[in-house]
Every structure is written in C-alpha cells, then in structure tokens.
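Spelled out, the chains give:
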Amino acid sequence: MCLSLWGAAQNMVTISGFVKEMGSQEQLPGVNVYVTGTAYGVVTNTYGFYSLTLPARDSIQLVYSYVGYQKTVRNLSLTENIQLNVLLTSVNQLEEVTISARRQDDYISRSAQMSQVEIPIQQIKKIPAFFGEKDVLKVLQLMPGVQKGTEGQTGLYVRGGGPDQNLIILDDAVVYNANHLFGFFSIFNSDALKSVELTKGGFPARYGGRLSSVLDMNMKEGSKDKLHGEGGIGLISSRLTLEGPLVKGKSSFLVSGRRTYIDVLAAPLIASQQKNEENKVKPGYYFYDLNAKVNYDLGQNDKLYLSGYFGRDRFYVNEAGPDTDSQNGLNWGNTTATLRWNHLFGQKLFANTSVIASNFVFGINSDIKNKNADGSVADEFSLRYDSRIRDYGIKTDFDYYPASGHAIKFGAQMTFHQFVPSAIALKGSFVNQTIERSVDPVNTVESGLYVEDTWQPFNALKMNVGLRLSSFKTETKNYIRPEPRFSAALRLAQDFSLKASYARMNQYVHLLSNTGLGLPTDLWVPTTDRVAPQQSQQVAVGLAKDLEKPALTLTLEGYYKNMDNILNYKEGASFLSLAGENANELSWEDNITAGRGWSYGTEFLIHKKTGRFSGWVGYTLSWTKWQFPELNFGEIFYPRYDRRNDISVVGIYEISKRVTLSGTWVYGTGNALTVPMSQFNAYQDNATTPQNQLNWFGVVVNEHGPKNSFRAEPYHRLDLAVQFHKKMKRHERTWEIGIYNAYNRRNPFFYNLDSEPTVDSQGKPRTRMVLKRYSLFPFLPSVSYNFKF
Amino acid sequence: MKPVLKANFTYTQKLPASGEAARPRLRLPRLFMSYGPVVFLLLTGLSSCETLVNTVPESKLPRMESQLTVFSFVSPQDTVIRVKVSQTVPLFGEYTFSPGTSLVVADGDTILSNIDSFTTATVVISDGVSSATLPYNSREQVYALPARQFPIKAGTTYSLTVTDGKRSAQASCTVPPEQVPIKEYTLDTALVTGLSRRDTSLILSFTWNDLAGKENYYRVKAFELFEYSVVKIDTITQATKEARTLGRSYFRWVGTSSRNVFQNDTNLDGTLFSSPQGRKPKEGLQYLASLTGGPVKPERGPENKGTFLLLLNTDSHYYRFHRSVQQAGEDNPFAEPALVYTNVKGGLGVFAAYNQSVQVIKP
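Respectively, the protein sequence lines represent chains A and B.
Residue numbers for the first sequence, in my numbering: 1 to 789.
Residue numbers for the second sequence, in my numbering: 790 to 1152.
Bear in mind the hints are in silico, worked out from the structure with no lab data behind them.
It cannot be assumed that every hint is accurate.
What the hints assert, rightly or not - List of simulated lysine-lysine pairs, DSSO-like, C-alpha gap at most 30 Å: (1) Lys1003/B - Lys477/A; (2) Lys71/A - Lys226/A; (3) Lys371/A - Lys280/A; (4) Lys727/A - Lys226/A; (5) Lys125/A - Lys657/A; (6) Lys849/B - Lys764/A; (7) Lys727/A - Lys71/A; (8) Lys371/A - Lys275/A; (9) Lys772/A - Lys625/A; (10) Lys772/A - Lys849/B; (11) Lys727/A - Lys20/A; (12) Lys1094/B - Lys1021/B; (13) Lys608/A - Lys194/A; (14) Lys570/A - Lys1134/B; (15) Lys71/A - Lys409/A; (16) Lys1010/B - Lys570/A; (17) Lys570/A - Lys1003/B; (18) Lys727/A - Lys788/A; (19) Lys194/A - Lys609/A; (20) Lys609/A - Lys125/A; (21) Lys942/B - Lys1010/B; (22) Lys608/A - Lys20/A; (23) Lys625/A - Lys849/B; (24) Lys625/A - Lys1134/B.
Extracted from the complex, chain A is given alone in its bound form (with noise of 0.2 Å):
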C-alpha cells in the first residue's frame, strides 16, 4: 500500500491547521498528526499548527494524538486541499475517572529527534517538591544526564556542562539568570507554563549559542472561553494565575504572579530573639515574579502575541546599633518581553516574527557607619557595585512543509547584546582611596541564520539534517562559525529505532561563576578580541523502543563531547577581584582563563508518562575532564560537578480520582573537591638580617594535592507527597503534603576545616584537626493549598 501510495503522487493535496485544546483554545505544540497505516505524518509546531502534503484519496483515517489529551480521529475524504482545525479534550477535562490505560503515540522510536526531554506540565505538578515549590528546572534534574549541582540548586549540568551553557528560552526570549533565592529556586512558574522541552543533544540547527542544551519553555496563552483561575498557598510563597478572554473568540489574556513572605513571618522571630540585644539586626529576603501574556487573533491568516515576564529578589541586611549602622543588600532579577506575530502564507508556509528585549540587572549596596560615643559619624563606608546584561533582538522562522517526507524549517536571528559586567564604587575610611570604576557598556552583536529539512526518504529511515551559520561581532572581531547538525533514527525493527547524531555549538557569551551556586554574582561576559567563543562537539548514537503493555518508553544513549574554550576564574579570582593584572583599568579579561573539557557517559532511561502508574527510572554513567594550563599547574583534573554514577527514581500512582501519591528518589556520587591535607610554612623571599640575624618568615599554607583529588559523600535522598483532589461547585482544590528528604541523610552541602578539642593519650588536652561536612536541608515536611476554577 505504500508503495502505490508512492506512485500517485502526481496528484497531492494539503491539509492543514492548527490543534488547540478544548474550551480554552489554547494552541497545542508537539501533537503527533499522522494518516493511520502510512508513513505519513507530522508534528504541529510551536504554534499548534501542521501541515501534510499527501497523494489524493477518497478516505484516509487522520489521528491527532498527544500526551494528556485524548486521541481524536477524523475520517477524510482527502480530493482536494483542506484546511482543518481541531480540538482536543484534555484527560483531565473528562467527568469519569478515566486515567487513559491506552497509551498515546507519541512513539519516540518514530522521531528523528534523540536526546530530548518533554515533562508534560500535569506531570510536573504531581512530583513531590521542596516545600511543595513546583520547580520545572528541578524536576528535569530528576532525568538521565541531566544532574543538580549542590543540594537544592536548579542549576542543571547538561551532559558535563555547566548552568552557564544552557540555551534557556522563555517564548523567544533568552533568561539569562533563572535562579530565585541562590538558586533554590528557578524564575518560572509552572502555572504559566504550556510546555517545557529539553534538548540536550542533536540540537536542531533552529537552536544556537549554548553548547550543552537548550530549554524550551512557552507560556500558556490563557484560556478563550471563559475566566479561569489557579493558585496556590505553600509555605513560602503564594502564587495566583488568572486568564480568560478579552474580546470573546478573539484574544486573551494570562497574568500570573508570586511572592514569599519568609521576610514577613521571620521578622517578629528575629526582632524578639533581639529584644536584649544592643545591635538590631534586620535581615530579610524576597523575591516575586509576574507573568503576563495577551494574544490577539486577526483572523485565520495572523496573530499577535505580547508576552513578558518581571521578577525581582532583594537579600538585606540592616543592621543599628549604638556604635554602628549599616545598611546592606543584593538586588537582581530578569525582564524580557517577546512580541510575536504568526503568519500563515497558505497552507505550507507558517511563518513568525519576534521582537524579543531582554534585561538582566544585578547590584550590590552596603553603607556602613560607624559612630563615636555621642552619636556623631567616626566614619563611614560604601560600597555600589552594579552589573547588567541587555539584550534586543528579532527572529524570524519559517516552517515550509513542501511535500510529504520533508519539513523545512529556514530562519534568522539577531539579537544586541550590551554588556556592562561591573560598576564598582567604593569610598570611606576603610578603603585607602575612593574608587570609582565604571567600565564602559560593551556592544555586541549575536546573529544565526539557519535551515533544516526533516526528512524521511524512506519508511524506516528520518533524519533531520542542518546547518546553522552563527556569528558574533565585537567591537573590531567579527567570528563566523559554520555550525552542523544531523540526526537521524532508522527503525530496525517495530517500535525499535537506532539513532545517532551529530552537533556543532558555538556560545558567545560567557558566564564566570566561582562559587557552584546560582548566586546572583555570577557574571555574565561576552566573547571580546581576546576571550575566543566556547565551542563544542557532540556525537551521540542511542536506540530508542516504544512498547505497547506496559505503554513504556525506554531509551538508551551514548555521549562524548568535547568543549574548547571553556572558561573558569583563575585560582583565586573572583567577580569582585579589583586585581586587574597588566591593565590600567579593572578588567574582567585579566581574572579568567581559558581550556577545554571532554566529558562522556551513557544514560539509560524507562518512562511511563500515562496510565494510573507512571513515572521514570533513569541512570547515568558519565565522566567529565578538564584541562586549563592555568589551573592546576596545567595537568587534568575532575571538575565540581564530574558524577560518575546518577540514579533518579520518579514514581506517581493515582490511587482514586482523589488521592495521588508520589514519590522521588535520587543518587549522585560526591562532587569533586578540593580539601587540605597537610599544611607548611611557605617561606616567600622575606629573609632579612637586622642585627646579623636571619629573620625568615614562613605563612601557614594548606597543601590540597591534586585539584579536586577528595570526593565528597554520595548524595542520595527520598521525597514524598500525597496530593487529595477535590472537585467543589465552583472550583478544584487540592492538599498536597509533602515531605522533603524522607530519610533525614545528611547530604555534604559544603565541607570545612576546623579544630576540636581532644584529649591524648596521656590525657593532656590536645587540639586535633577534623573535616566538618555542612549539610543543608534535613527532613522538611511541607504542606500547600492550590486551586483551581
């Protein structure tokens, strides 16, 4: 049948549309459209919108199917071209407590994509969280090489790269700090958010500037049919969506926000456990975030969408007393807005237009006084340090579905960045001089253009094959780099797929960071004459089975990776360094070093995502090496993060329509670290000879042996919830308690040295050194309310 199908291909015809969900409209990106017994098929695109071009036939059964949504069949007679929009109906959407056993056929086996992650949103919310903090980052953390740094973090270390090497994307927009509250938590609220897709090789070359992945988020458009609410009350923050139309059929809106009110609720315990105390001391921390989105529908040819999000944090430290005051803080936080427009030019020819701005500020404050006896200024410090990275770009894609077995996707990219990496200025008595430098704005410009073909030349061959052309302007350096991509997946056998790929990356803009944690000082830095872009090459071969009962997915990789490069702080360096070396001024340039890494490893990974029972199990056996002739006297070395062994268990059971329970558990091995292990006198030439007598001086230094040579302790940890659903008149509401750290271990968070008394054997009093492991976050029970209408 194929074969003939095939041979008339002299008279096709197109159908095309868009799929949107049921009641709210909302556009459904990644629903799998394809023609019952053929080859024939296709994947809607991030608008919802498909297109297949296939012989003429008096009927053909089209299925449109997608995860958490129930499979809808359309008989067509297929004689001429045909433009067909279709409505889904989301599982949750139904009355009877049908937890659909029949699974979806988003068969991976059937993608020429590998190296891809896609957590359904629903999914995301049933999975145990810390302090019932729904955490989108956190949770693909939870998948096979995809790993956390420090405890708590959602930082994510993509296949041996850092957080810093994450293309992380928020409807067109680039974040370029996702991180709340250090780190511990990411920017994004999941209540805003339609689809979350990680990439973390065979990147299609529609992606570009990041070597390790690039993570898609797009915000819901908010609902067309009527008002619509969602919120929660945890016990950190509270978060509120509301979305519905503005002009009814025609355009809606989304608004979301949230806050913590830790700052709030400490503040009465901090201020009585002073009462007594000289000093008061204020210290307080928030942070809050707004979503917002209007879309606007001119007809079936064209629509607008304005989208954008806000979000601040402020850590502060006040402090008054009768011999001091002070007043310190940290302040940062992203803004983008992204306005797009969609055309359709016929029925093979989607195209959208972005204009994107996006804007991240950083400061620090600290004025510190200090006072004589009667109450007037001794003296006084200050401190304004201010960094920012500001970025306007526009990007325009096509999606050209010529004929069946291709979709072409071709487009640009230009986004300016300007750079201001550090401000600083200091005055006061503390200081010997007032400094005051501000380094000039650096301008920059980042540009891709781009074409791809997913192909299918033959039934059990596709492959999507492409090249990207990136380049990067700097004041007088204008680097072009040809970026390949390929990614193929034949079938061998039913539902059974070998793939491989190949990719090519580029990033221009670097991210130096000292400290592993998501600290607001990390400090974002472009490619300039003198620091080279980070590239990298990544091949990955896997094989792919889909099986039927039990309707699992299981997935088999292997990486290696090469970075060139890379960058890292010289020993000792940090953001703050005021050491310029060899320069006139403070530069950024002098603090940093450059090397390459390589990293390997192979990821297994089994998936339910439907059914009473789903959830995942992955595991990752992975290497990760580095190299800096700067660092470690040139000789290679593990870096933090390097984990040889990486388990995730993720289990959700629906027990009723009521009652869902769920748990996670995780192993990692230690993170690679330097530790003291013996000490000396290092003797700098000092030696002098007043009155005839050497005077040599040695400073107590540590010696670490090779770098990062002391593995910390495995990290492994167990978190459950149970959620209880009930449907009310008006709304649903939900009680989610949750427990973080079930087990109560005791994970390293960071290590120390320190002395303790001890008693020899003798019994004299001794001092004796020991390591202290630090451990962050014990057994956590946390309870929430959410809701929804």
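Based on these hints, arrange chain B on the given structure of chain A.
Below, chain B alone, put in the same frame as chain A:
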C-alpha cells in the same frame, strides 16, 4: 641582654608588613558577599539544627604522607645562598607541632615561628659542571653557603637536590641574564593623619622600562637604611650605655589593587612599568630600655643612611610562587582554593632566581 631582645621584637612585628603588603584591601565587602547568602540561610532556621554539621570520620579522610619542603631564592647580588628545608604536617588527626615550634599571630596571619627546620638533610647545589654541599647553620636555621664559595652567575641554570635518606626533592631554575635599571623615581615626605596616629611618612614610587621581546617578571622592594641607638643597661651599676647600629625598615606597598608588587609583561611587552606606591613612617622610633620600671630614652635619634630601591628581574617560578601564596590567603568555602605553586619534584616549595638592580637615594 633583655632590652636588646625587646628592641629586636619591635622589628619582628614590623617585618611581616612588607611581605604582607599586596593583600587585597577589600576584606569587608568580600566577606559580606561570600557569606551573606549562607549566613542568611543559617539564620532562617538552620543554626538551630546542630546536627547539620558533622565531623567526617577519620577513616574516610585521605591519608597524606609528610613531604619535604624546600625554599630558596638565589641571585648574583646576594652574598649567601640560603635553603630552608622543612616538611609538611598532615592536617588531620592530632594537631601537634614538632617540639620547640610556636605559633605567632600577626596581622591576621598565623605564622609558624621559624623553628620548624629540618636539620639532617643533605643539600647540594649544582650548575651542571660543579656542585657544592650547603652546611646547616643552626643559628639561622637554614642551609647556607657564602656565595663566594659557589658564585651565582646571571644566565646560568642551577639545580638543587635535597635528601633526608628516605625522601629526595629536586628543583632547578635559571638566573635571568639581565639587570633591569630603575628609570625614574619620586620620593616625597608627607604628613599622614589617620584616626589614631599622625606621622611623617616617606612616599615612594618608581618606573622602569620592560625588556622588549622577552617574557619578564618583576618584583619591587625598597627599604630605608638607618642608624639608631640601642640602650644597654649595666645590671650592677645601673649605668646606661648607648651603642649605634644599622637597621633596615622596609616599605609597605599601597594601591596594590591596580599594581602589584609582583608584575609580569604579558600583553605589556616593552612598555613602561611602574611600582605601586611605597609608604613607610619615617624612622622616629626611640628604642627604650627599662630601668626600674622607668623608660630610658637614647640621647641620639635614628638617622637615615639612604633609601634603597630594588628591582628584581625574576624567573617565572619566583613570580608564580609568590602570587599563589598571596591568593592562598583567600578563604571563601565555595570558591575553588588556590593551590600554592611548586617547582620542586618529589616535594613542595620553590627554587627560584632573580637578578636585582638597585638605586640608592642618599639622604
């Protein structure tokens, strides 16, 4: 003899200041920055959980053997070749120093007094043709040999071998061939008024031309040579007697945030270099002696005998070692620790060379 010792101690306290000069001056904001988040987390409920801090059992700690440490800086201008030999002390377990060792805390640094020397090693220096064994000098606690017995020549490569029977350490270095002259200097006298003090200071800076077409490393030093009186008391007659002696007091370097005491010419080849600003109070110290509780002032005050500006054209070992010791002083638990540079095979420490030029400013 007691009063002499007391006068001597005044020196020992002053000395670390010259070596310590290049330390960053931003202690306070740094501390706030690095620890702020952690302090905050601890404040919000974690400090109450004592059990979150645990001692790692000794069995899980890496075992380190003690290693030899060797330090030596050689120069054609020096009159003595000195080698300090010691060993590392494994950190974990009972923290006991070898007998006679004491701890001194000065300027926030813990300084082991220099009694941790290793007295039984064999120390041999060689220029590839001839070699010499350095005997142990117990008064100075170093292995030392007058340079006239084994001259150090510019452009020559030397190797140093230290053995203690079981362990053996070896290192080599080449003396830079050139002396780099000081081009210009300024020396001013200024009245400095601080919170608690008010003194006359010498303020110094100087420049030099980098040697073009070569990789160069520099270190600046400066001292004031002065003559002063030491009061000795005859314990029987209670008579005092003044003796004149020569002393050196070193400049402290400020403004080191932009110009270090240690500099190199990467990206700056052939350009004009300048020192940081050197400062020191003019020698005004009166060396006192105690006579039945009452202070005794010497008749004559100190007298300047010249200001010596030293420019050391060093090898890379010298530069990298000193820079790494500066950086090792930073203590952020999250930052990657800076490793102390070594070029000693089979041990730790440094064997480095320099070629020094001097400019003397007569009083």
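Structure-based check of each hint:
A C-alpha spacing of about 27 Å is found between Lys1003/B and Lys477/A, which places the hinted pair at or below 30 Å, so the restraint holds. Proximity of Lys71/A to Lys226/A is assessed by CA-CA distance (about 24 Å); at most 30 Å being required, the pair is judged to hold. Taking the CA atoms of Lys371/A and Lys280/A, the gap is about 15 Å. The hint holds against a cut of 30 Å. With a C-alpha separation of about 18 Å, the suggested pair Lys727/A and Lys226/A falls inside the 30 Å cut-off, and the hint holds.
Restraint check for Lys125/A and Lys657/A: the C-alpha separation of about 15 Å stays at or below 30 Å, so the hint holds. For the given pair, Lys849/B sits about 26 Å from Lys764/A by alpha-carbon distance, which is consistent with the 30 Å threshold. Between the alpha carbons of Lys727/A and Lys71/A the distance comes to roughly 25 Å, so the proposed pair stays at or under 30 Å and holds. For the suggested pair Lys371/A and Lys275/A, the alpha carbons sit about 21 Å apart, so the restraint of at most 30 Å is met.
Using a Cα cut-off of 30 Å, the hinted pair Lys772/A and Lys625/A holds, with the two alpha carbons roughly 27 Å apart. Distance restraint check for Lys772/A and Lys849/B: the Cα-Cα separation of roughly 12 Å lies within the 30 Å cut-off, and the hinted pair is therefore satisfied. For the hint linking Lys727/A to Lys20/A, the alpha-carbon distance of about 25 Å falls within 30 Å, and the restraint holds. A hinted pair counts as satisfied when its Cα atoms are at most 30 Å apart, and Lys1094/B with Lys1021/B qualifies at roughly 23 Å.
Taken as a hint, the Lys608/A and Lys194/A pair is honoured in the structure, with Cα atoms around 20 Å apart against an allowance of 30 Å. The suggested pairing of Lys570/A with Lys1134/B holds, with an alpha-carbon distance near 24 Å, which does not exceed 30 Å. About 27 Å separates the Cα atoms of Lys71/A and Lys409/A, which keeps this hinted pair within 30 Å; it holds. The suggested pairing of Lys1010/B with Lys570/A holds, with an alpha-carbon distance near 26 Å, which does not exceed 30 Å.
For the given pair, Lys570/A sits about 23 Å from Lys1003/B by alpha-carbon distance, which is consistent with the 30 Å threshold. The suggested pairing of Lys727/A with Lys788/A holds, with an alpha-carbon distance near 10 Å, which does not exceed 30 Å. Between Lys194/A and Lys609/A the alpha-carbon distance is near 17 Å, which keeps this suggested pair within the 30 Å criterion. At most 30 Å may separate the alpha-carbon atoms for a hinted pair to count; Lys609/A and Lys125/A meet this at roughly 14 Å.
Our distance criterion of 30 Å between C-alpha atoms is met by Lys942/B and Lys1010/B, whose separation comes to about 21 Å. This hinted pair checks out: Lys608/A and Lys20/A have alpha carbons roughly 24 Å apart, not beyond 30 Å. In summary, the hint linking Lys625/A to Lys849/B is supported, as the alpha carbons are separated by about 24 Å, within the 30 Å threshold. Distance hint between Lys625/A and Lys1134/B is fulfilled; the C-alpha atoms sit about 24 Å from each other, no more than 30 Å.
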